[in-house]
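Chains as they are written, first to last, in our numbering: chain V, 1 to 692; chain G, 1 to 280.
I should point out that these hints are in silico values taken from the structure, not numbers from a laboratory.
This one's a predicted model, so the numbers in the text were calculated from it and none came from an experiment.
You may find that some hints are simply not true.
DEER-style ranges, computed between Cβ atoms [claimed, not checked]: (1) V:Ser-192 - G:Ser-218: 52 to 60 Å; (2) G:Gly-194 - V:Val-26: 39 to 47 Å; (3) V:Gly-674 - G:Asn-80: 16 to 24 Å; (4) V:Gly-98 - G:Asp-207: 35 to 43 Å; (5) G:Ser-188 - V:Gln-672: 36 to 44 Å; (6) V:Gln-672 - G:Phe-247: 33 to 41 Å; (7) V:Pro-119 - G:Lys-123: 24 to 32 Å; (8) V:Arg-34 - G:Ser-188: 26 to 34 Å.
As a list, the in silico EDC-like pairs of lysine to aspartate or glutamate whose alpha-carbon atoms are at most 20 Å apart [to be verified]: (9) G:Lys-123 - G:Glu-111; (10) G:Lys-123 - G:Glu-113; (11) G:Lys-123 - V:Glu-57; (12) G:Lys-123 - V:Asp-13; (13) V:Lys-612 - V:Asp-643; (14) G:Lys-123 - V:Asp-22; (15) G:Lys-123 - G:Glu-110; (16) G:Lys-208 - G:Asp-156; (17) V:Lys-612 - V:Glu-635.
Ideal Cβ positions, reconstructed from N, Cα and C, are used throughout, including at glycine.
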Amino acid sequence: MTQYATNWPTSTDYTSAVQMPDTAFVAPSLASTRPVTSALGVPTAATGQNAVVFLLEDPHRRYHALRCFTSAPSDGRTRYLALSAHVGELTQPTTLAGATWIDEGIVLQGRSWPVVMMPWIAGRRLDIVVEELVVDDPRRLGALADALYRSVGQLQATGIAHGDLQHGNILVGDDLSITLVDLDGVWVSSASYPPPDELGHPNYQHPHRSEQCWGPLVDSFSALLIDVSLRALAADPSLADQLGGENLVLRQTDLVDLSAPVWPRLQASPDEWVRAGAERLRGLLGATAEATLLPLDQMFRRSEQSSVIDQMRSAAPVTGPVPGALDNRGLQEANWWDYAETSAANSPTVSATPPRYPGSAAVGHGASSLATGGDRGPAGSPSKLRSGPIGSALGGVLAGLAGCLLFGLVEPSIHHAARAGVFIALVAGLIGAAVLGWDGWTSGRASRAATGALTGFALAAIVALIALPVADLILQGPIENARVAAAIERGTSVDAVTEVDVPVVAVAVAWAVVAAVVGLALGARQSARAALFGVVAGAFAGFVGGLLHATTAASIFEERLRVEPFNPSTLAATAVVSALIGLAVATARRSGALAVLTVMEGRMAGSEVLLKDRNTIGSDTSARLVLQGPGVLGEHAAINIVDGRGQLIAFGSVHLSGRAIPGDPSAAHPLQSGDVVRVGGSYIRFTQRAAS
Amino acid sequence: MYEQRIDRQHPGAIVFLVDQSESMGDGITGMPLTKATTVADQLNGLLFELVQRCTKAIGEPPRPYFAVAIIGYGTDQNGNPLVGSVLQGALADDWWAWTTDLAQHPLRIEERERAVEGAPPQKYVMPVWVDPFAGGGTPMCTALDNAGRLVRAWCDEYPAAFPPIVINLSDGESTDGSPSQWADRLRSLHTDDGNVLFFNLGIGGDDKMRLFDERAPSTASPHTMLLWEMSSELPEFMIEVARSQGFQISPGARGFGANADFRNVVSFLNVGTSVGHLLR
Chain V
1 MTQYATNWPT STDYTSAVQM PDTAFVAPSL ASTRPVTSAL GVPTAATGQN
51 AVVFLLEDPH RRYHALRCFT SAPSDGRTRY LALSAHVGEL TQPTTLAGAT
101 WIDEGIVLQG RSWPVVMMPW IAGRRLDIVV EELVVDDPRR LGALADALYR
151 SVGQLQATGI AHGDLQHGNI LVGDDLSITL VDLDGVWVSS ASYPPPDELG
201 HPNYQHPHRS EQCWGPLVDS FSALLIDVSL RALAADPSLA DQLGGENLVL
251 RQTDLVDLSA PVWPRLQASP DEWVRAGAER LRGLLGATAE ATLLPLDQMF
301 RRSEQSSVID QMRSAAPVTG PVPGALDNRG LQEANWWDYA ETSAANSPTV
351 SATPPRYPGS AAVGHGASSL ATGGDRGPAG SPSKLRSGPI GSALGGVLAG
401 LAGCLLFGLV EPSIHHAARA GVFIALVAGL IGAAVLGWDG WTSGRASRAA
451 TGALTGFALA AIVALIALPV ADLILQGPIE NARVAAAIER GTSVDAVTEV
501 DVPVVAVAVA WAVVAAVVGL ALGARQSARA ALFGVVAGAF AGFVGGLLHA
551 TTAASIFEER LRVEPFNPST LAATAVVSAL IGLAVATARR SGALAVLTVM
601 EGRMAGSEVL LKDRNTIGSD TSARLVLQGP GVLGEHAAIN IVDGRGQLIA
651 FGSVHLSGRA IPGDPSAAHP LQSGDVVRVG GSYIRFTQRA AS
Chain G
1 MYEQRIDRQH PGAIVFLVDQ SESMGDGITG MPLTKATTVA DQLNGLLFEL
51 VQRCTKAIGE PPRPYFAVAI IGYGTDQNGN PLVGSVLQGA LADDWWAWTT
101 DLAQHPLRIE ERERAVEGAP PQKYVMPVWV DPFAGGGTPM CTALDNAGRL
151 VRAWCDEYPA AFPPIVINLS DGESTDGSPS QWADRLRSLH TDDGNVLFFN
201 LGIGGDDKMR LFDERAPSTA SPHTMLLWEM SSELPEFMIE VARSQGFQIS
251 PGARGFGANA DFRNVVSFLN VGTSVGHLLR
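Please work from the sequences and hints to get the whole structure.
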């Protein structure tokens with residue numbers, strides 16, 4: 001399985017780090033080196049599968065290659081140290097680059113990472129050299145193949161295998177001298193460590209190579225593949241059309257598929273050795289990967305090593321294929337999804353020639369730049385608070401707390417018999433203010449919020465007061481029972497019992513009655529359906545909240561229900577009750593509304609408006625949905641509900657789901673749920689519920 | 001499927017669709033940045049990495065192994081869709097920018113500073129190709145139409161190559177109709193190596209963060225559901241990449257995310273563009 005980079009730095013991370021050598025280069029051998037940069041001032045880097053390589057210059061003007069890992073090098077330290085030791089014992093020169101492993105080489109992201117440092121080698125990659133030679137001097141490719149064969153043979157003779165022989169790891173000097181780099185997968189005979197995770201370049205390896213396929217002879221297959229490729233190109237330069245920059249003549253797909261078109265071309269090569277080598281490769285590809293672990297001379301069996309290059313035809317110069325055909329080509333015309341190229345009947349209404357930005361994209365959008373990002377809607381409120389139920393629940397919490405506080409302040413001046421009534425009316429009123437005030441606010445205007453709050457307060461407080469006698473009635477029976485029980489227990493008369501714990505359920509039912517009435521009143525302002533939902537939701541919320549109130553703050557009778565507003569548990573319970581009622585009532589109102597407008601984009605993004613029968617949209621503060629921004633008229637459009645269906649009337653020009661609609665007060669455009677209406681720079685979605 | 005290696009004859013194509021609607025100017029969860037700035041920063045990092053990935057030898061320009069299109073979509077003051085390449089200068093003349101050309105024509109080289117304890121602030125430079133921008137609506141259908149034309153032309157040109165990857169980064173619902181049909185059309189395009197991969201990320205939002213779900217998020221909002229339905233399943237190797245980054249995901253996981261915070265944007269782009277192993 002391929003080894004993927006996980007938590008190791010990326011090539012761009014390293015690129016930042018090498019630009020800060022004073023703090024990033026911690027190893028002594030790296031100190032005072034500097035990265036060489038491109039004309040743009042960015043460090044030059046070459047990237048491979050597992051590492052990025054930078055070019056460094058030291059104060060003595062010597063150049064070094066710094067190899068930084070983008071994924072964990074498998075047993076890197078062991079491998080490189082063993083290699084250094086092994087090479088140090090050799091008496092003959094080696095074609096491997098002299099690499100030094102440094103445990104703590106470079107610091108970034110708060111820790112140090114290992115690097116491998118090598119002297120800079122003046123060679124060029126095999127693929128680049130091959131692409132040049134195949135055009136300029138194909139005969140020299142034979143000499144290059146000879147040099148490679150000698151290098152790999154020498155390597156095997158010294159008990160070393162490279163493990164990933166491929167164009168990118170083979171550097172070629174002007175004199176065709178060979179140096180092998182990227183030693184992450186090296187095997188040496190003098191040490192033992194596990195095989196690398198990396199199984200070599202797929203375009204150069206047996207398709208079934210596994211981790212077990214490793215050891216002194218692992219390079220033989222790749223060496224044969226490269227040799228056949230180079231000599232095939234020398235004999236038939238037209239094969240240059242196979243060069244893709246990441247391979248030589250053959251690709252992984254060709255190694256898997258022996259009927260690929262490249263094989264007959266190799267089998268027809270003017271070079272007899274190429275024909276034989278191709279057959280050898282095909283035979284090996286049909287066998288196991290382990291069968292490729294042959295000594296080099298056996299792999300090549302070069303008894304009849306040819307120089308049949310004289311047979312080579314003088315071919316027309318071949319240039320490497322360069323993509324670019326796309327550069328001058330226009331876009332696919334309409335019906336691009338249709339492979340059959342049939343009728344244009346289902347072509348969309350978008351223009352065939354896509355519009356382009358002017359030279360500077362940011363110009364022409366005027367006020368809507370990033371700088372205005374924070375200025376959105378009233379007081380720059382975060383849009384998530386705009387949705388009614390959540391806002392109303394938060395409002396409910398505030399209402400509950402404020403109710404307790406206010407009640408605490410006025411309590412001493414109220415006759416004790418009236419205290420419970422005042423308390424409930426106060427809290428209910430504040431919940432009403434929160435719900436209706438919030439709705440007013442989200443439709444875009446502070447004055448509407450104030451009106452809504454006042455209306456809500458009056459409405460809820462009044463209905464709560466009306467409901468209070470009912471609640472009292474409900475409480476009376478249980479309280480009397482409790483007093484009688486207490487009198488019997490204490491042996492006193494019932495009248496002497498002035499304090500008693502009120503049964504929990506009774507308190508909950510009393511709360512439920514009050515909350516249901518508040519829900520009814522607030523819902524009725526929306527629709528009959530919302531009123532019905534309001535009753536149910538309010539009763540439920542009131543009951544749950546009442547249970548909480550009664551169980552946490554022991555409710556005590558003192559002629560009537562006694563409230564201790566500054567008792568922390570009363571405060572908490574009241575806040576919870578209020579939040580639940582606020583949430584329930586607002587949800588009821590929302591689900592009771594037949595239709596909702598949601599602002600998707602624009603200054604008021606996130607706002608929601610529950611629709612009544614007639615709703616105006618515009619910049620005027622009397623509009624049901626107030627929109628700001630250029631191009632919005634005072635009364636720009638109206639959305640009306642007629643016979644349960646939405647209709648759009650445009651006073652100014654608008655877009656309805658992408659369609660331009662000129663201003664015409666006499667035309668009504670039917671709306672579907674999900675339609676998007678654009679007014680000025682704002683986009684508003686119309687959502688309609690199925691008519692009940 | 002999804003295993004064709006990248007080289008000159010089989011270049012890779014990545015199309016980024018970048019929502020430039022006004023709300024992209026709002027902040028993102030998890031970082032003191034706007035959504036638009038986050039996307040621009042991440043794209044700049046990805047482009048630089050792609051350019052480096054294609055640089056095979058020091059002193060040699062990056063090879064034309066990838067072409068990238070970055071299509072911004074928003075609207076002008078009058079609500080007319082503005083859909084076009086975000087790349088500027090010499091790169092503005094073509095929808096596609098090859099890695100070779102990207103390296104030559106960054107918008108600018110930006111100097112940045114990093115504070116280091118007990119040392120003067122350290123300076124470094126990074127190339128920048130994309131600037132953040134936000135304004136107007138979300139004409140997603142027009143954007144997908146454009147992407148489809150580009151990608152179809154690409155598939156016809158390189159029928160054997162790894163199929164193009166199209167990544168849509170948005171923070172809101174389409175304002176020019178339902179993009180569902182456009183997404184189906186886009187995903188139906190193909191090369192010999194598989195269908196076009198179309199990945200969708202919804203940035204920001206109040207609901208539950210989601211990434212790489214393999215089951216339909218049926219409890220989520222209709223918009224989240226739509227994004228999931230529009231998105232291709234991740235190829236096996238991208239699932240491996242996601243797992244290596246700590247995501248516990250199963251086959252069938254889609255290139256999809258919703259209500260993404262900063263970290264999710266980074267992870268989504270890392271996984272959705274993880275074609276590095278197709279190129280060495």
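20 Å limit on alpha-carbon distance, applied to hinted pair Lys-123 (chain G) and Asp-13 (chain V): holds (14 Å)
Pair hint Lys-123 (chain G) and Glu-113 (chain G), alpha-carbon separation not exceeding 20 Å: holds (4 Å)
Straight-line alpha-carbon gap Lys-612 (chain V) to Asp-643 (chain V), limit 20 Å: holds (12 Å)
Agreement of Lys-123 (chain G) and Asp-22 (chain V) with the hint, judged by alpha carbon distance not exceeding 20 Å: Distance ~11 Å between Lys-123 (chain G) and Asp-22 (chain V) Cα, so the pair holds.
Satisfaction of the hinted span 39 to 47 Å by the C-beta atoms belonging to Gly-194 (chain G) and Val-26 (chain V): Given about 45 Å between the Cβ atoms, the range holds.
Outcome of range test on Cβ distance (Gly-98 (chain V), Asp-207 (chain G); 35 to 43 Å): This hint is violated: roughly 58 Å between Cβ atoms.
C-beta pair Pro-119 (chain V), Lys-123 (chain G): status relative to the range 24 to 32 Å that was hinted: holds (29 Å)
Holds or violated: Lys-208 (chain G) to Asp-156 (chain G), with C-alpha atoms at most 20 Å apart: Roughly 40 Å separates the two Cα atoms, so the pair is violated.
Beta-carbon spacing of Ser-192 (chain V) to Ser-218 (chain G) - inside the hinted bounds 52 to 60 Å or not: The hinted range 52 to 60 Å holds for Ser-192 (chain V) and Ser-218 (chain G), with Cβ atoms some 55 Å apart.
Given pair status - Glu-110 (chain G), Lys-123 (chain G), alpha carbons within 20 Å: holds (10 Å)
Agreement of Lys-123 (chain G) and Glu-111 (chain G) with the hint, judged by alpha carbon distance not exceeding 20 Å: holds (7 Å)
Status of the given 16 to 24 Å range, CB of Asn-80 (chain G) versus CB of Gly-674 (chain V): With Cβ atoms ~22 Å apart, the hint holds.
When the structure is compared with the earlier hints, violations turn up for hints 4, 5, 8, 16 and for no others.
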